[in-house]
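Chain by chain, the residues run as shown.
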Amino acid sequence: MSEESDLPQGGSKMKRIITGNQAVAYGVMLSHVELISAYPITPQTTIVEELSELCARGRVKAQFLKVESEHSAMAACIGASTGGVRAFTATSSHGLAYMHEMLHWASGARLPIVLVNVNRALGPGWNIWNDQSDSLSQRDTGWIQLYCERNQEVLDTVLQAYRIAESISLPVMVVLDAFVLSHTSEAVDIPSEEKVDGFLPPFAPKYPVDPMKPVSYSGITTPEYYLEFRYKIQKAMEEVPEVARDVDHQFRSRFGRGYDLVERYGKDEGEVLLVTSGALTGTARTVIQKMAEKGHKVGGVKVKMVRPFPSKEIGQALQGAEKVAVIDRNISFGVGGILAQELRAGLYHREKKPPVFGFVAGLGGRDITPDVIEEAIQYTLDHSRPDGDILWLGLKK
Amino acid sequence: MKKMEIPSSENLGRGHLACAGCGAAVAMRLALKALGEKTVLIIPASCWSIIPGPWPYSSLRIPVIHAGFVTGGATASGIRAALDIRGHENALVAVWAGDGGTFDIGLQSLSGAAERNEDFIYICNDNEAYMNTGTQRSSATPYLAWTTTTPAHHPKENPKKDIMAIMADHHIPYAATATISYPEDLIRKIEKAKEMKGTRFVHLLSPCPPGWRIPSEMSVKLSRLAVRSRVFPLYEIEDRKYTIQEESLKEGVPVEQYLRLQGRFSHLKSHEIERFQKMVDEQWERLLKRARC
Amino acid sequence: MPDQITFTHESEMPYVPISQGDMEWNKTGTWRTQRPFYEDKTPPCNAVCPAGNDIVSFILRIVNGDFEGAWNLIREENPFPGICGRVCFHPCEGKCNRGRFDEPIAIHALERFVSDFASHLPGQKVNGTKRQEVSKKRKERIAIIGAGPAGMTCAYHLARLDYDVTVFESLPFAGGVLRTGIPSYRLPREVLDRELSAIEALGVKVQTGVPLGPAMKMEDLRSYGAIFIAAGAHRSKRLHVAGERSRHVLSGLEFLKAINLGEDVDIGASVAVVGGGNTAIDVARCLIRLGKHPIILYRRTREEMPAFEEEIGEAIEEGAEIKFLVSPVRIREEKSLKRLECLRMKLAERDETGRRRPVPVPESSFFIEAESVIVAAGEETDLSFLPRGVKKRDGIVLTQTNGRTAVDGIFAGGDFASRERTVAHAIGSGKRSAVAIDCYLKGEDPEKVLQSLLVGNGPSISVFPFFHPGGPSRNPHVVAFEELNMDYFEKARSEKETKYPLPERIKGFFEVTSSLNERTASEEAGRCFNCGTCNECENCYTFCPDASILKGARSLSHEVDYDFCKGCGICFTECPRRAISLREEAR
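Residue numbers (our numbering), protein chains in the order written: chain A, 6 to 402; chain B, 6 to 298; chain C, 5 to 591.
Any given hint could be a false lead.
[Claimed, not checked] With beta-carbon atoms standing in for the labels, derived distance ranges:
| no. | chain 1 | residue 1 | chain 2 | residue 2 | range |
| --- | --- | --- | --- | --- | --- |
| 1 | B | K43 | A | Q324 | 57 to 67 angstroms |
| 2 | C | A496 | B | R291 | 30 to 40 angstroms |
| 3 | A | G130 | B | K43 | 50 to 60 angstroms |
[Unchecked claim] Computed from the model, here is a short list of chain A residues facing chain B with C-beta under 10 angstroms:
| no. | residue |
| --- | --- |
| 4 | I83 |
| 5 | E106 |
| 6 | M217 |
| 7 | S223 |
| 8 | I225 |
For the record, the hints were derived by calculation from the structure and aren't laboratory data.
Note that the Cβ used here is the ideal one computed from N, Cα and C, for glycine as well.
Produce the complete structure using the sequences and hints provided.
Have a look at this one:
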């Protein structure tokens with residue numbers, strides 16, 4: 006529950022204990038989002054509720070369209086963004102899947118919409134718990150995807166997301182884990198409005214709809230020209246890592262903290278490097294530290310940006326690794342864990358290709374405890390090659 | 006001597022790709038005269054996604070946003086919000102959707118927007134099938150009509166959905182039927198809708214020569230027969246009050262005159278025509294009853 | 005000229021598909037397989053009018069409020085609208101396409117309204133339209149025999165062509181049968197005088213009281229460049245029954261002439277009138293106004309009566325008694341009463357006029373008594389003064405359609421040269437002969453010229469293009485009812501002229517009908533379909549899916565933009581009056 010008196014004015018640092026979803030709401034508030042359009046789905050609902058509350062109290066001066074489905078939520082955001090205002094939506098799981106058609110549209114229309122997705126499993130059977138399959142199965146839609154480890158990162162990433170999106174004219178998906186982040190309270194520094202305004206200027210769209218300008222948007226495009234538009238989207242994606250780094254650099258200097266696209270942590274040289282994304286990384290850090298203290302040559306890599314796939318940065322991060330272990334809290338049926346697959350593809354052209362151990366764990370909210378992580382790392386240490394493309398952790402057998 | 010009095014502004018350029026005799030082209034041309042220049046028009050997937058021409062061209066002389074098939078109501082809601090935020094409150098937001106994008110796949114989005122009473126004019130250009138993809142049936146296809154998915158030996162078995170009743174029950178301020186053979190009526194209704202706020206719905210019947218299997222010169226005549234046979238009566242619902250236009254209060258002509266001119270009904274036997282007539286008569290009685298309440 | 009836009013390098017393109025131009029470079033006219041075009045056609049009224057009036061056009065001017073313009077337009081063809089509007093048998097109304105929808109347009113009433121309106125114009129403007137290139141009087145002189153409708157129409161057009169025209173009239177007054185045969189309750193004298201004076205005002209010399217024979221011979225006219233004989237048919241046909249040539253038996257023509265010239269007539273209180281034509285009816289109606297009691301005896305039934313239907317109706321309203329299927333075979337006199345022995349008739353097979361032949365019913369004789377008898381059994385010409393060489397047959401002069409007789413330079417027309425004995429036919433023949441005379445004097449081929457002036461399929465001609473070269477000519481396509489689109493018309497009653505009520509009506513010879521007024525005339529004119537004539541209703545412009553009907557371009561009020569017209573044909577179908585034609589276009 007937010008209280009007006011608690012929100013910081015001026016430049017003072019103020020930490021509050023808030024959930025991941027609340028952090029999203031504050032990020033949206035500070036970003037001066039002008040149009041919010043969302044449909045409730047567990048575990049995203051408290052984002053929407055928090056925003057409603059902030060709207061009702063005038064803290065969020067956005068128009069709130071209470072649409073009747075997620076597909077319409079994204080369509081309304083597309084309408085609003087084309088109309089030249091900063092738009093926001095949030096969803097999860099089936100809601101994101103329902104939006105799928107419109108995700109393609111948003112990126113094709115080069116609209117700097119920010120969507121927060123709370124990672125949740127897809128049914129059937131109905132499952133409301135933490136799973137990355139929903140966001141990762143949208144990786145082909147042309148959206149930038151940024152994953153968050155902590156609630157602070159969630160708030161900060163929302164702010165950075167608008168900067169990146171509006172610089173490059175591509176939509177950004179900010180992802181956080183269900184319940185582990187969304188409903189778990191952590192200490193979060195909520196920056197002042199003034200400070201954020203200095204970092205994030207108002208939206209200045211390139212082709213806003215002008216009622217007096219008779220142009221048509223997004224009309225039929227024949228084979229003669231469609232290729233070039235797609236080329237431009239890819240080119241824009243290729244510029245994203247540099248833009249994101251630049252934005253993070255500015256963020257760091259203003260707010261005193263920042264986030265690498267790919268972060269290498271732990272020992273400089275590791276026999277095994279464990280690659281994770283999202284909240285799982287937090288647990289991984291602890292396990293790796295413990296194992297390193299025990300003398301294992303293990304380190305970790307946190308992947309924040311999954312789209313565009315940061316091959317260069319990952320290559321650098323995996324420098325010197327003998328073996329790579331990936332824990333995917335997701336699966337692409339017929340192939341395996343998605344990060345593992347992307348990694349393998351990213352490493353393919355390198356001369357030195359460390360074996361990639363693709364672990365799949367935690368689907369549908371199955372707890373990934375430190376023991377499970379340790380088991381994965383240990384397995385990797387103990388084997389020269391993985392025993393198959395997919396290594397299931399915690400399977401009942 | 007009656008002279009057509011319609012605005013002289015032309016916001017539909019020439020060289021567009023509509024078929025010869027396209028009812029929807031007549032409809033758009035007339036509607037644009039009423040909507041005026043300061044209109045942002047949202048076009049979900051339909052024939053009118055193709056007709057203005059491919060990028061980099063457009064024969065529509067107003068701002069147009071092509072949108073996903075499903076999304077007429079939602080996109081309009083977003084555009085409306087954006088324009089208001091940016092100070093363009095007096096710009097009109099309108100949607101031009103087909104029957105598919107209104108009755109079927111777009112119904113959810115329209116229903117949501119109408120329930121919220123979003124501020125835009127929604128025009129359903131109804132040619133009674135998915136014409137753009139080659140004449141497949143929609144829930145706007147009339148009873149017993151041929152389409153590629155309801156062939157002559159197994160024509161459409163269900164009657165046309167009553168979209169006006171559906172929209173009226175959303176408690177929107179204004180809903181009206183219109184068609185190309187009554188251009189002054191069509192223009193009057195859109196101009197009237199322009200003066201209102203909230204969700205305003207126009208159900209516009211546009212004959213389609215290839216889809217209805219009629220010669221290209223018959224589009225306007227069939228539109229008129231649809232009205233005169235009471236298959237498509239002209240009426241308005243304003244704040245729950247019904248007004249049936251005089252043209253529709255005249256005695257109806259037998260529906261056979263309307264059906265026999267269309268290839269998509271050429272397989273109909275006389276008992277089926279009788280059944281159709283009975284349906285039209287019942288539908289008319291229902292309308293009268295609702296109008297009286 | 006809109007250009008196509010091409011991009012050869014992706015850097016030239018915007019990063020989103022936002023339109024850059026329109027589609028006007030895409031000439032969709034190439035899609036056409038049929039081509040619409042504006043083409044005025046002849047309405048059935050125009051086609052059937054023996055006088056060659058441009059009815060649809062003068063009605064359009066009334067609709068547009070230009071009554072004077074309507075009058076000027078009529079007088080391009082016909083100098084007698086006030087007369088025709090009152091006495092013509094209006095075949096135009098019989099063919100009027102509106103008659104197939106509700107009621108035909110009361111064209112005669114509109115023609116009359118226009119003339120009556122013009123009579124109130126200041127200075128009584130006369131249509132002085134002359135042929136453009138002729139600026140001074142021509143040297144040829146033309147003699148016209150007979151100042152009736154045919155003769156005076158011929159004089160009128162010849163005067164407009166700047167010829168020196170003299171009309172020789174045997175009676176003391178001009179007008180011919182208009183003066184002698186039509187009573188003033190149908191045609192007021194001031195209307196007749198007004199329209200005759202207007203012709204004289206063009207410089208036509210009318211010499212009255214100059215009958216051919218005693219006062220003047222044909223040879224005396226040799227110095228004239230051409231002669232037009234339109235002496236009419238003023239001799240009564242005889243019944244050829246015993247007692248026909250006795251006292252108190254008069255001819256209808258003589259009776260009417262006396263009445264119309266204001267002379268006294270000695271006639272009894274009860275009168276048997278034998279005949280069924282306009283003369284018989286007019287005789288009966290005059291008698292009623294004189295307080296007499298007429299009984300009309302006609303040998304066939306009402307359907308076969310050649311008199312105008314309205315006249316028959318009015319006569320019966322006024323109290324005339326008509327006995328049908330009755331024919332007198334003998335006229336006796338008994339105690340100063342005429343006793344007609346009559347036979348009942350029955351109808352057998354049709355004769356050469358298409359009417360069923362009356363045959364007597366044997367042993368059906370009966371008697372009718374009356375103080376006087378008037379025989380109105382038809383009229384005949386007096387061909388006695390014809391010069392040698394001019395051929396004749398069956399009581400009329402033989403001429404070509406253009407009026408040429410067998411003798412060069414001598415033309416004939418009107419009732420004198422035809423069995424079509426109506427005012428409108430007379431006017432038409434006078435007009436044709438005027439053109440033929442002009443061609444004769446110039447050495448041109450009259451048939452060729454007349455062919456180019458035909459209205460519909462003829463024989464009427466329009467002289468409008470003769471006087472205004474370069475203008476539109478009449479299209480032979482006559483518009484049928486089936487070619488019109490009734491979707492644009494609402495049923496409406498015809499505005500009727502008012503009639504003087506009975507019993508006042510028969511108290512004198514004042515005019516029975518009164519004209520429409522500006523409002524009723526405009527409304528009646530508004531009912532006209534304008535068959536085959538664009539009246540700028542704007543349907544084509546409204547319904548074109550490709551915005552390819554251009555308004556107000558150059559001289560035409562509407563034009564098709566063939567660069568973009570896809571040939572759908574909607575304009576053709578929705579034109580209520582078939583002013584647009586459609587033809588196939590090969591690709």
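A quick look at each hint next to the structure:
At about 60 angstroms, the CB distance of K43/B to Q324/A agrees with the hint of 57 to 67 angstroms. Between A496/C and R291/B the beta carbon distance is about 34 angstroms. The supplied range of 30 to 40 angstroms therefore holds. The hint said 50 to 60 angstroms for the Cβ distance between G130/A and K43/B, and at roughly 52 angstroms that hint holds. About 6 angstroms separates the beta-carbon of I83/A from the nearest beta-carbon of chain B, less than 10 angstroms, and the hint is met.
Taken as an interface hint, E106/A checks out: its beta carbon lies about 6 angstroms from the nearest beta carbon of chain B, inside 10 angstroms. The criterion of a C-beta within 10 angstroms of any C-beta in chain B is met by M217/A, whose closest approach is roughly 7 angstroms, and the hint holds. Annotation: S223/A was flagged as interfacial toward chain B, and the flag holds, the nearest CB pair being 4 angstroms apart, inside 10 angstroms. With a least beta-carbon distance of about 5 angstroms to chain B, the hint placing I225/A at the interface is held under the 10 angstroms criterion.
Taken one by one, the earlier hints all hold for this structure without exception.
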